[in-house]
Each structure stands twice: as C-alpha cells, then as structure tokens.
Amino acid sequence: MTTAAAYRQKAEGLAGGMPPLLAEAEHLAQAVMLGFHGRRRGGMGDEFWQYRPARSGDPRRLIDWRRSGRSDTHFVQEKEWQAAQSVFLWVDEAQSMDFTGDPARATKAERGKLLALAIAVLLIRGGERVALAALGTPPRASQLQLLRIAERFAGRPEAPDYGAPVLRNLAPQSRALFVSDFLGDPAPLEAQLAQAADRGVRGVLCQVLDPAEEAFPFDGRTIFESMGGTLRHETLKAGDLKGRYLDRLAQRKARLADLARAVGWQYHCHHTGQPAQSALLYLYGALERRR
Amino acid sequence: MFTIGSIGFTAPWLLLGLLALPILWLLLRAVPPAPIRRMFPGVALLLGLTDDETQTDKTPWWLLLLRALAVALIILGFAGPVLNPRAETAGSGPLLIVMDGTWADAPGWTRRLDRVEAALAEAGRSGRPVALVSLTDLPGGDLPFRAAGDWLPELAGLAPKPWLPDAEAVADWAAALPEDGFDTFWLSDGLARGSRADLLAALEGHGDVTVFQSPHPVLALRPAGFAKDKVALTAIRAAGGAVREATVSARGLDPSGIERELAREDLDFEAGATEATLELDLPPELRNRVSRFEITGLRSAGAVSLTDDALRRREVALIAGRDDREGLELLSPLHYLQKALAPSADLIEGDLLDILLANPDVLILADVATVSEGEEAPLLDWVDQGGLLLRFAGPRLAGSDISRAEEDPLMPVRLRAGGRNIGGAMSWGEPKKLRPFAETSPFFGLDVPDDVTVSSQVMAQPDPQLSQRVIAALADGTPLVTRKRVGQGQVVLFHVSANAEWSTLPLSGLFVQMLERLAVSTRPAEPSAEDLAGTVWAPDAVLDGFGVVRDAGNLAGVPGERIADGLPGPDMPPGLYTGEDRRIAVNVVGPDTVLAAAEWPASVPVVGLEVQAETRLGGWLLAAALALLCVDILASLWISGRLPRPGSRGVAAALAGLVLLAVPGPSPAQDSGDALALAATSEVVLAHVVTGDAEVDKVAEAGLRGLSQVLWARTSIEPADPIAVNLETDELAFFPFLYWPISEGQPIPSDAAYARLNRYLRHGGMILFDTRDADIAGFGAASANGRKLQRLAAPLDIPPLEPIPEDHVLTRTFYLLQDFPGRYAGRDIWVEAAPPDAEAIEGMPFRDLNDNVTPVVIGGNDWAAAWAVDARGKPMFPVGRGVGGQRQREIALRFGVNLVMHVLTGNYKSDQVHVPALLDRLGQ
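First to last, the sequence lines map onto chains E and L.
Each residue of the first sequence is one higher than the last, beginning at 1476 in our numbering.
Each residue of the second sequence is one higher than the last, beginning at 2 in our numbering.
Hint data in this document are derived by calculation from the structure and do not stem from the laboratory.
Everything numeric in this text was worked out from a predicted model, so none of it was measured.
Cβ coordinates follow ideal geometry from the N, Cα and C atoms, glycine included.
Some hints could be false.
So the derived list for chain L, only partly shown, Cβ under 7 Å to chain E, looks like this [what the hints assert, rightly or not]:
| # | residue |
| --- | --- |
| 1 | Pro36 |
| 2 | Arg38 |
| 3 | Arg39 |
| 4 | Met40 |
| 5 | Pro42 |
| 6 | Val44 |
| 7 | Ala45 |
| 8 | Leu47 |
| 9 | Leu48 |
| 10 | Asp52 |
| 11 | Asn727 |
Computed footprint of chain L on chain E, listed as stretches where at least three residues anywhere in the stretch have a Cβ under 8 Å from a Cβ of chain L [stated by the list, open to error]:
| # | segment |
| --- | --- |
| 12 | 1592 to 1604 |
| 13 | 1716 to 1727 |
Full structure from sequences and hints, please.
As structure tokens, then:
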C-alpha cells in the first residue's frame, strides 16, 4: 500500500525537472483571481514590473518617491499583471484501474495517480489552483491541497468495476484533466464532457492502459473476469479473439479521440510500460497550450 | 515365465492391465482441459464475441494417445520384461567345479563364489555329487566328489592366490583325473595361459565343459620405472576395448609414519589399446617415501606394484669450501660432481645443518677443511647412522692442519703437512697414473684409463691401519682414495680435488664409475642372477591375492636364484624381500608381462557372456513412460494456454536457465591487481611500504614524491607518482626500490609476505630500511625502532652487512658523496658486505665490488622527512639550521638520487675502474 507521503514524494520527484506550468488563463474577466501568475505585462499584482514616467491623471499616491527623488521627473511603479487558473483533476478510482499484466509493472491506478499528482505539483508550483473531483473541495493553490490529494490517492475507497467522471461544482472556464482507462460504458463520460463543454471547460482525456491490454497475450480455454467480478466472458480459444478484441479497442480509442475533438479537448493514450515522464510532458504541453 | 519371441515377462498377469486402456481412453476423452480464470479489465470489450471452433472442448486425440501410451508402458514395465531370457537347464551325473583362483579372479571374487554357490545349489537340487578344485591350490589324490551341500561351508574359506597356476602341476593333475565321466563347470579368470588348452581337452574327454568368464578385461599394473626424472607407470589390460580410465595412487608412509596416499593420477586406456602409461612427477622426498603403487578401486594383487630400492634416487648433498669466488664455473669444486651426479641422484645444496635435517644419503665436502664445533657432532651422528661422508681434498684442506697430529674423526687417515706436486713446472717427475684396483677395493674390476693422471695430492701419514683403508692408489703406491667405517656409515677421502686442477680424474668416465661403486649414485635397478646367487632373502611383507600387504610373519627365506627367476609361486609369494643391504620387490606382474584374454573354442559354452546378454527392460520402459508423462505435462499446459507462447522471452529464459544451470558465472577479475601492475610498470615508480601508521605513511609518500621531483628535474629518470605498497596483498616484483620506514607499532608481516619479500630481494629488489631515530640513538638495538627493525628483518634473507665503505659505488653513482644525511645527520648506513676476495685495485679509489646491487640499505637518518614536499612543492619539515640546514637537505636529496641511480644502473659506475686502462689504450 503506497502511503500518502510516498505518493507525494514520487510525484514531486517526477515534477522536479519541469518549469512551473503556466496554464492559459482564458476568459480572464470571468475568472480573475489575483495570484502569482505573471502575465508579462503591466497590471494589477504584487510583483514589480517597471517604472514609467508619471502621466497626468495618475493619482499622486502612485508616485514612487524614492525613484523620483533621483531625477527631475516623477515615476510611477507599475506592478506585473498576475492571474491564476483553476484546474480540476478526475482520476478514475474504479477497480479496473488496479490491473497490471506484470507484477513488476505499476498498476494503471498507480500510474494515473502519479501523473495526476505530478501535474498538481506543477500547477501549484506555478501558482494555479487545483481541485480533485473526488474530494469535492473548491480549487486551492496551497501545499495543503497537495497533501489532501495525495492522502486521497493513498486511500482505497469502495469503487465500482468501471468508473465514470462525476464533476459537480465545475467552475466555468476552468480546466480539467480526466485520467482513466475509459474501458467502461462511454455514455456517462459523454454526458459529463458535454456538460463541461457547456461551461466552457477545456481539458485533457488521458487514457492509461496496461501493455497486456494492448497485446492480449492470451491463449487456450479461458474465463475472463473483470476486476470486480461483475463481468465474465468464457472462451475456448482465447488466441482467436485477439484480432477482434484489438479492433474493438481501436474503435474505443477512436471514439474517445472524436469525442475530445468535438468538445475541444485533448486526448492522449498512455501505457504503463512507458515512462511516466513522457506522459507528463504531454499533459504539460496540453494544459499550457494557448489558443 | 511367459515369452513372446525373445522377450519374456516375469509377471505376465500384469499384462491384463492393457485391457483397461480403451476404458481409460473414453474416460480421458470425456474430460476437457480445465479453463484458466484471468482477471482482465478488457473483458468489457470482449462481451458478445463468440468462438469460431469448439474442438478443444474435448481432449485432442494425440494427447490421449500420449497418455494411453504412457500407461501402456507402465503396465509393460511392471510386467518385468526380459530380453533374451536365460533358460536354465539341469544336467546329471557328477559335477566338477574348477576355479582358476588367481589374482585375476580377485576383483570379482564374491560374485564368483555366488556363482559357485548357485551351481552347488542347483547340483544339490538334482542330487549330483560335486568336486570343487582350485587350480592354484590343487588337491592331492582323487577328485573329492561329495554331496553339494558339504561344499557350502568351505566356500567362505576360499581365497584367490597371488600367483598363476603352475603349468606342470596342472598337467600332472589333468593326467591323473579318474576315468569316470563328469561334467565340468570352469570359472575362468579370463587370462590366456598355455596350460589352458591341454586342461580343456582333458576335461572335455570326461564330459561337457561349461565356462564362466567375466566379460570385464583384467587390469594390472607393471612395476614402476624411470622416464627421465619422472616415475613411469604402465597399466595393462587383457583385451583392448573401449576407452577406459583408471586411477593410480602412490601410497607410502608420511613423515609421522602413517600410511597414506601420496599422489594420485589418472591413466587412460585408449580405445583398443592394451597398455596405458602415466608419468608421475613426484618430488624426490615424496618419491622416496612411496612403498607401492596401486590401481584404486581394484582389489587384486595384479593392481598393486610394490616398490623397492630401485625407485629411490639417492639424495646427495654438496658443500664446497669456496663459494664466494666469483664466476669461474669450471674451477668450481662442485662443477664436475654436479655433472656426474645430476643424472642419477637428487642434489641438495645449502647450509650444512639444514642439509643434515634433510637426512641425505651422501654428503660430499669438496675442499672443506674444518666444520664448526656445533656442526661436527650432528655430522658424526649422521655418519654413525649410516651416512656416507665423501670428502675431496683441495688447497684449503692441504693448507689446514686438520688430521695432522691425530686422526680427525671425520677423516679416514692422518695427513702430512702440505701435500705434493708432481710433474708441474716447478717439480720433478711425470704426473702419476693410477694403479689397477685391488681385489678388496670396491672399485675392483673398473678399467683404469691411461689418460687419468694426478699432479697434486694430499699425502696420507704412514700408519699401521693405512693399508686397510686405501681403496685406490697411485702407481707409486701413495693412497688416492681412503675409506674408514664409522658405525654403520663410512668416511671416504679422495686425496685429489674434485675439480680438474689437481688431476684429470674428474674429467674421465672412471670418476662417474667410482662414484657409482661408492653407492653415491643410483645402483642398477635389476639385480642380475649372478648378483643374487648364493644369497638368501627374507620376506618382509607379502601380498595376498586381493592385493593387501600383510606382514610376512615367519615365512621361510627365499634363495636369490629363485628371486632372480621372478615368477611368484607358492614357495615365493609376491612381496618385499630383504637382503643384506637392499630390498627387492617381487611383484605379480613383471615389467614384461603381457596380458591376453582367454580364448575358448566355439564348442565350449561361455556362460558369463550369456548372462551379460540377458537384459531387463522394465527400467527402460518405466523411464520412457515417465518421459512421456513429462511431455504430457508440457502438452497439457500448452493446450490450456498456460505455457508461454514459443519464442517468448519466458521460454527462452527457462531454456537458457536449464542449459546454463551448470555453467558457473565468470569469476570477478582481479581489477585492483591489474591496475597496480599497470601503474607500477608503465613508468618508473618509487614505492614505500605501508606501515599502518598514517603519519609515517604520509611522510614516506611525500618524501618519495619530493625525491621523484628532484629525479625528474636533475636526471634522466622520470618517475611517476609514488605508490604505497601493502606487503600482504600487493605484488612486489614491479618495484625496483622500496622505502620501508620503521615504526614501533607496525605489524609483523605474515609468512606469505616474508616469502614474497625474500623472493623480491633475491631477484634484484632493494629495500631502504629507515629507523628514523638517528637523532636519539646509534645503530643496533639501542632504540625501540632499532629493536623493531631487528624483529622485522629477522626472517629476511639478508646477506652479511658492513658500514658503507668509502669506495662503495653508492658514493659515486651520480653525485660524489661521502655523507648520507637525511633529516638527521646521525650515523653510518649499512650495505651488503663486499666479498672477502674483492681487492682494491692499485691507484683506484674503489674496488671492483660484488656484481650485485646491495639488496638492503639500512640507516636511521629519516630521509623521507628530508625529501618530503607538500602539494605546493615546499619542504614539509625543517632540516638543520640556516645555510647548513639547506646544504644538509641538498645532500640528502643527492643521496636519494645516488640511491635510485644505484638501483637502476647497478654497478655501472664501478666500471670506471677500467677507465685509466681504456684511456691509456686510446692514447696509444
């Protein structure tokens, strides 16, 4: 059982090599929140941006007297414009995520949680506010939030066989990251995506699959069971099913990609056999992407 | 027994089990392989997919066949199938059981007895009277036909004899057989023999003859001989068959008197060969201890070969009085002795007391006048216990006054002062020739060559006993070789030198023969019949048929003629026979013995072979069934998909694991050793010994670094960074020079380290010992470090030392020096002493000293501290005061330069002795 602290440590390690993630702040007016998120232009904020000569109309209290004392003109100190974005994370906690084809490999759940937490670390380091859907709390940018997320990941709540995203208080114009294997019924996902798109939420669908699920290395008389045991399928020659299974898997992936494209989301498929860093790089790029 | 063709079954009713096979077939067919349950999230995508074919619902036919076959094999296997079953046939009438009873029977003796017992039992069942006869122990009178049961108690008393049947006795016995008809069962030992055919013909005249003979060829070992320096052993076998390996072991007493195996080696018969030889390289000490060779694991007198004096090589110790004269090989007193003795004896050289510990057979003192008091008593003891002390005269003996006034116990005669020269430039007369040897002399019979002349000799004082002691004389009657018996040993004096200075005797073949006669070198291996005639030899130990050496007890002595005959028999069992001054081994197998397998005519049934032909197949069938079941396991796994697909990594890994199971991994390379060797040999490197005291080691390292920098700057020697050497682990041979600072706390090196150090010193290495205490103590045991040095250096092989003389080459190898200060300018340093005969050459500042670099330099001036520099090249320690101190440091560095030059160039500077002569010649 991976403890909360261990999750946190691994995720910090994974995120260590990244510059702070700058999520694009769209529709600034609706979601103005002052934070450390410099916009590289003058505006409201805490950090010094530049001195400019005082113009008529500037309130006198804005004049920086210390700087002005060194010359004949008056100067006004401008601050950097800072804004922060809210990112909602949803990580599938269903039992199907606990699968791994090789005891030496991490389960899909472990990998998905790691990725989500690493992204959370990066976002919080960059001044963004992060919320985990399962916690139900509003987005926060504190280290405490990280701790809460990590603790939630370390716990093992009761879960169904296959999961579907449930995001109740999704803030408008925010961002979202869905991590799951998306092997269950796609209908709830479609509904949730449609709802999110209505609120102007953009995001990434990250599908985490085990290499065994891609390769289907089975043969002989086999009874396949889902992780929770609710689904069963018996075959006499598992090897013959391989081609048809792979077709179906490809269809599922295509459907997810289409869905994402339709609502303006990104779709990414990650395998637990690959290093987590590559997936994080992609998520980093996808969340930072500006339009 | 139930037979089908050539196969019989011992338990045929089990074959009924085969009827159950069809039922098994049906049962197995009905049960399909069990499915595997797999957890797989992707099952959501599988729902609704159907299988194309449903054939694997039932067990496939080939798997069924496999299983049915396995079960059939098991049933057949347990039914006890036998190929070529032997059908016993019973005869009638009296039965004669003939046993060869030789040593060749011994390995399978119990099996033979079992066979006899079985034959007796069979004869008992059919009421046949039986006679049991051993050809090596023929009974007198008529054939002892008795009821079979009567023979059973006597079986245990039968034993094979360690000799072969006497052909004549067998022929007589065969002629005296009764007229009545009887069948014969002959247990042959498998060796071809001349008497066999006649006996067979005689026996066939009375009835049927059946022969039992083991198919294994008889193996035997010939007596050991010499091949050059090695012991040559030859094993023989009766028939050339397949490749066979035999192990020969040499056994003898160890130093504590317990018999144990001294050596062991394998010997290979090639296919078809009847002989196999082995050359055993034994150290002389070990070889002289060997009392017998035997083929291990073979209980037979033929597999044991006792050794006698012929295998011993005598150990001869050589001591010369003039060891220190350089280079003149042909004048060495020992040269001719070594040449004469090396082929036939083992030579020992060394210190007299050490040599006596090795207890040599002969001790040769070449021109040694006196031995010290402490040595004389053990030497006399040794002679008293049978040692042969052989002395040669020479200038030293002639010049000493040993055995002048009264006879020295270690000299055979008294000597007159001086000696005499004949036929030289300053004397009258011709060099004397030798007088033919007298009959009483041990040299009697040797031809005296004309060219042997004597020009100088030491003279024996006329004495009443002199004439008895002379064993060789010159033509004018003066003694040349005299001998005196002391206790069991003897002292022999050659009145001439052992080299060719005084006589031409050492140049002649006579010299070697005389040494041989004196039993200095090996005596001939085989005594001839004439040698043995008239002697009686008492058995010391005898061999029984099984090859076990037993005490001879009070067996009667054997005349020499019988021993010369060589063939053991009832009157002369094989064993070790002791005569007057030597022991002779009589072995079952002689050096020329050839073994051949007995051939029987086709009319005689040879039972042993038929027994061999009867093979039980049950085991093979069961093994095959087991193999099939293993295949079945694999096949079942494969069918049910539990076996990884062929070609996947799992299978490859499993196969590789199976194949490589027995292959050991590569041993870790000696990286550190190689790195040290490379570092030490790619450039000149100075090295210091690790003392374990961190401060001392640091100073030594810094000192050598400072000296290396000075060498680099001033000379053509360009050393790399110094290396710290751990005596316990590191190889020393790479370093021309070792600096060894002495600290009180350093541990004494182990024996192995001392062995390495001694090897290092003997092969040209140099160690600079530095006690680092010249400020407080003089040389010797006055200081703690000095005492420590004495303890450290005690096990080292260090030659005599002297304070460095003014003309030592160390004073001029690079700089001209007379002082050798370090941080302290304390006292002398000590180097190897010059040999006593090295003389100063007139007008030259130094002598032509020993050709070697001195192996040690010992001092206490703490040179390393004077040489030491820190990382910036600044001196680490103050030396002296002011300008004088600087000068002292400079001289210390110059000493270091001279020392390293001396190490690397040897005595090259000593050759300046010849510079005036060379200049003189150039000037002409």
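Inset, instruction - Any hints from earlier that this structure breaks? Give me their numbers in increasing order, please. - result: 11, 12
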